[in-house]
Amino acid sequence: MSYRLQEQPFEWIDRSKTVSIEVEGRPMKGFAGDTISSTMLANGVIHMGRSFKYHRIRGPLSFANHDVNALLENSDKTHVRGDVELAEDGLKLKGCNTIGGIAKDKFRHLSLLSRFLVVGFYYKGLFKPRALRPFWERIIRESAGLGKVDLNWRGGRKSKRYGFCDVLVIGAGPAGMAAAKAAAESGAKVMLVDENAQIGGSLDYQYANDDSVADARKELKDAVLNNEKIEVHTSSVAVGWYTDNWMPINTPNGIIKVRANQVVMATGLFEQPSIFHKNDVPGVMLASAAQRMIARYAIKPCEVAAMVVANEDGYRAALDLLKAGVKINAIADLEDHEDRGELAKQVKAQGVQIYDHHGIYEVEGKDRVSSATLCPLNASGELDTTRKTTVPCDGVMMSVGWAPATHMLFQCKADIKYDATIGQFRAQSLPEGMFAAGRVNGVFDIRDQIADGAGAGQQAAAAAKGEASDAQRPAPTTVRQSHDYPIFSHPKAKNFLDYDEDIQLKDFLNAAKEGFDNIELIKRFSTNGMGPSQGKHSNMNGIRILAKHTGKSIDETGSTTARPMFHPTPVGHLGGRRFRAERLTPMQPSHVANKAVFMEAGAWLRPEYYDTEPTRQECIHAETKAVRTGLGIIDVSTLGKIEVFGPDAPEVMDRICTMRMSNMQIGMTRYALVTDEAGVITDDGVVVRYAEDHFYYTTTTGSSDSAFRTLQKHILEWGLKAEAVNRTGQLQAMNLAGPLARKKLQPLTDIDLSEENFPYLAARTGHVFGKPVTLARVGFVGELGYEIHCLAGDAAEIWDGLMKECADVGIRPFGVEAQRLLRLEKGHVIVTQDTDGLTNPYEAGMPWAVHMKKDFFIGQRSLQILKPMQSRALHGFMFPEGYNGATPKECHLLIKDGEINGRITSVSFSPTFNRYLGLCYVEDMDAKVGDAIQIRLDDGALVEAELVSLPFYDPEGKRQTCDVDGAEEKVA
Amino acid sequence: MKLIDCPYIGARPTSEFVYGHEVREMPKPSEASDKEWADYVFCRHGAPGIKKEWWHHVPSGMWFVFERDTLNDKFIRLVDIAEVQYEL
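So the sequence lines, in the order shown, correspond to chains A and B. Per the working numbering, the first sequence starts with residue 121, numbered consecutively. Per the working numbering, the second sequence starts with residue 2, numbered consecutively.
Everything labelled a hint here was simulated from the structure, so no lab data went into it. Be careful, since some hints might not be right.
Below, a list of computed lysine-lysine pairs in the DSS-like style, where the Cα atoms sit at most 25 Å apart [claimed, not checked]: (1) Lys29(B) with Lys585(A); (2) Lys75(B) with Lys833(A); (3) Lys52(B) with Lys533(A); (4) Lys36(B) with Lys3(B); (5) Lys29(B) with Lys841(A).
Just the calculated beta-carbon pair ranges, DEER-fashion [claimed, not checked]: (6) Lys36(B) with Asn783(A): 49 to 55 Å; (7) Lys75(B) with Arg567(A): 35 to 41 Å; (8) Glu797(A) with Arg78(B): 55 to 61 Å; (9) Asp6(B) with Ser549(A): 22 to 28 Å; (10) Arg253(A) with Ala39(B): 36 to 42 Å.
What you are looking at is a predicted structure, and each value in this text was computed from that prediction instead of being measured. Glycine included, each C-beta is placed from N, C-alpha and C at the ideal position.
Turn these sequences into a full structure, and let the hints steer you where they fit.
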């Protein structure tokens, strides 16, 4: 038997090309352009998946991108939407959410247990008895979830792009095409987006057999496809609306972030099901789904149909079915077919039995619907089940109403109210820059839809130019399109409100009875609308049920919030490719050549260590040893570098830093500590004074931009005569450190490095290898050292030159980890490592850096208050030599009498001292050097360490002159 | 994403801007009581209304003070920096 019809006028399939796919091992043949679902149907397979909760067998429902029970998977994708995704040759798929396949799913009898799986089951079942929680958890974990994630999956990331247009039109149906055409003809640059594989919308399936729209169709399609001012994106979904018409469009090749001047929403409608017993049995579908099958894929939906209808569209679908050779045994019209117009008469004229004021009460059938039972409606809108008419059928088509795709209109805060005349939500007014056209706007007549789209397109194009428009728009229809309550109870239930989550009418009502009678609460408790289709076929009926239950109006009941994403969007598309800057210093080639292992520091990549020894720790220790005994060099180009000029520059520096800077001598440097208004340490660095009115200061790597911004802002708000320049990227820096620093650097520079001319903490300008530099003699790592600041263009040459000239003494580049260890041995606090969001300079052991006698600095007043209120202090500690227990780590807690008494902020094994040493906060102001502290390690063990005075290494600072004659012997 | 009208180069997305907080008057540190000072440092008035705010446009490196209605997120006017300058 063939399920494929003869050629349809607007079919999407290319009969000259066949494709072969395999679903659960069964080979199937289709045509190019077929979706997976249509290929399955063409091969006589209607079983497309199992439902989420009860694992009921399901077939196609909407064919409109929310057939959640036609969800399949393969190794690349966990969720393949059978109703829209193309059957590509060679594709191999299996069902989602089954154990043992769609047909033999282990859980296929689960609905027999539905009595126990009541609404809110997760909350109740997992609440008590508590002893059963592991049992339920195991069952739920095994049965829940859609699709198996391949943990080895890589790739699938798609680049994000930007798009700009005057008018963005969402939806390429009659209204959308007309809007795009009109806007482009008014001179606007237009982008037209549709989630379907082809443009045309309802014109090509609901109106495929309506000859009166043939000319309009051709004109619109030609205009849209041949106008270079219109950029068309098919198979693309506008997934959200953000402020100022910023809309992500998810295309098969990734997301386009579109900034549109004006937006026309021609998003149309979702057809809504009628709720009756077994409305989920395969063969029961929306009438528009049957029309899509016929018109797009030339698939015969069934042989014999029964229908439930509440609008003229139902009769249009009936005519399409008849034309496709389907016999219609009965049409249950919830009202009177005489009021439906010309189409109902044509259907009746073809001999179809129409039952006025009837609904479908139940259907029978296990693998496929086999009969439908109709009952008359009484005056209160309920079915009179004493009078049943049962008709055989293998298909049931529902055409009882629509829900508009208003998601993004909600997002842009349009004023949306329920229009009882039409029976749907409709925007009463729209924000600036936003238009709605077509059926989402309540305009139903096909010619009116086109006129409405054209009018909206003209208005949008005019608005984009800042002009007024006198374009006319037709009024919304006055004919009811959606039934008030196509929802019927049944003693055996299985009348599904939500096909995603298997929510039956009684479940939803029980939730309301249990007190979840607010639309947002009932959604969460019942999970209505929380499945993959996000309520596209269940939210409207849910609102109707709750409104009726509470006796409130639809507007009083309201709708749930329609947040982005409008449609599931792959994580690989959302993530895109890396979209953050990654900054490298000019020394990068040398780092790579020296086998650096890199780490991210802010936007920068910095060498963590150089991989020259067997283990990471040995590398770090070899690097520290070179600095302590010979010569090391570190790239510190990532430091923020800011220059401040002007007559008020000394005042600016005094106000920014806790230490006084205005009394610093020219040619000297000073440690700079910065606090915020609350007195919390935010940054530190070194200030160089070049001239009376000229300072240069470095900030920590991560804060160069924020430090610069803050400085600029303060200069403005204080009205001071000063200017700041951020030279972070333009200048580079390296630190040459070790006892041999002076000896090896002197021959390479024109600056006199002698102790007399260039003492500790001085700064000098001159040349190294003939390149202009500033040398600052600073001592972070605790050895004689020179920080060399130079132009970015000279940096690599100076670095490489130093490496070459100092190779004879075994110079080693050292990384961030070695620098941390060296600084730790000196007891230097690293801001944000040894300080947190509350640390003030007193706690951090730096009262010497706070100059209270100044008139003002940021944080001064707070520090005055905080000074007598200290409750913790930073201390140095050491482990006993020979300790060989578990490794102490940062954030390990100090314990005293069973209570937390502080925490470690930095700890490392020091090769210099041959033991662990570190910094910790002790929440006890009486703690003193020599006290024992207890540290709790990862394994729970308490180990003892001793508080020691800081710095650990070279407390007298003698290493700063270690190469001067006689100085070496003084070093302990 | 919201657009902010940069006075020099026109509408730019908010991702190009850094919010620099509301313009607030600092009490004189030498005169404020501890309580007044703590209130200034820690307490922000979050109620919606028309506020003067600092905004830094990163690509051009410029600071601006705008008046913004935080109820509807509309920028109202560019404020002359002189209006918000203060002496210590």
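Hint-by-hint comparison with the structure:
no.	hint	verdict
1	Lys29(B) with Lys585(A)	51 Å, violated
2	Lys75(B) with Lys833(A)	23 Å, holds
3	Lys52(B) with Lys533(A)	23 Å, holds
4	Lys36(B) with Lys3(B)	38 Å, violated
5	Lys29(B) with Lys841(A)	22 Å, holds
6	Lys36(B) with Asn783(A): 49 to 55 Å	34 Å, violated
7	Lys75(B) with Arg567(A): 35 to 41 Å	39 Å, holds
8	Glu797(A) with Arg78(B): 55 to 61 Å	27 Å, violated
9	Asp6(B) with Ser549(A): 22 to 28 Å	25 Å, holds
10	Arg253(A) with Ala39(B): 36 to 42 Å	47 Å, violated
The structure shown violates the earlier hints numbered 1, 4, 6, 8 and 10.
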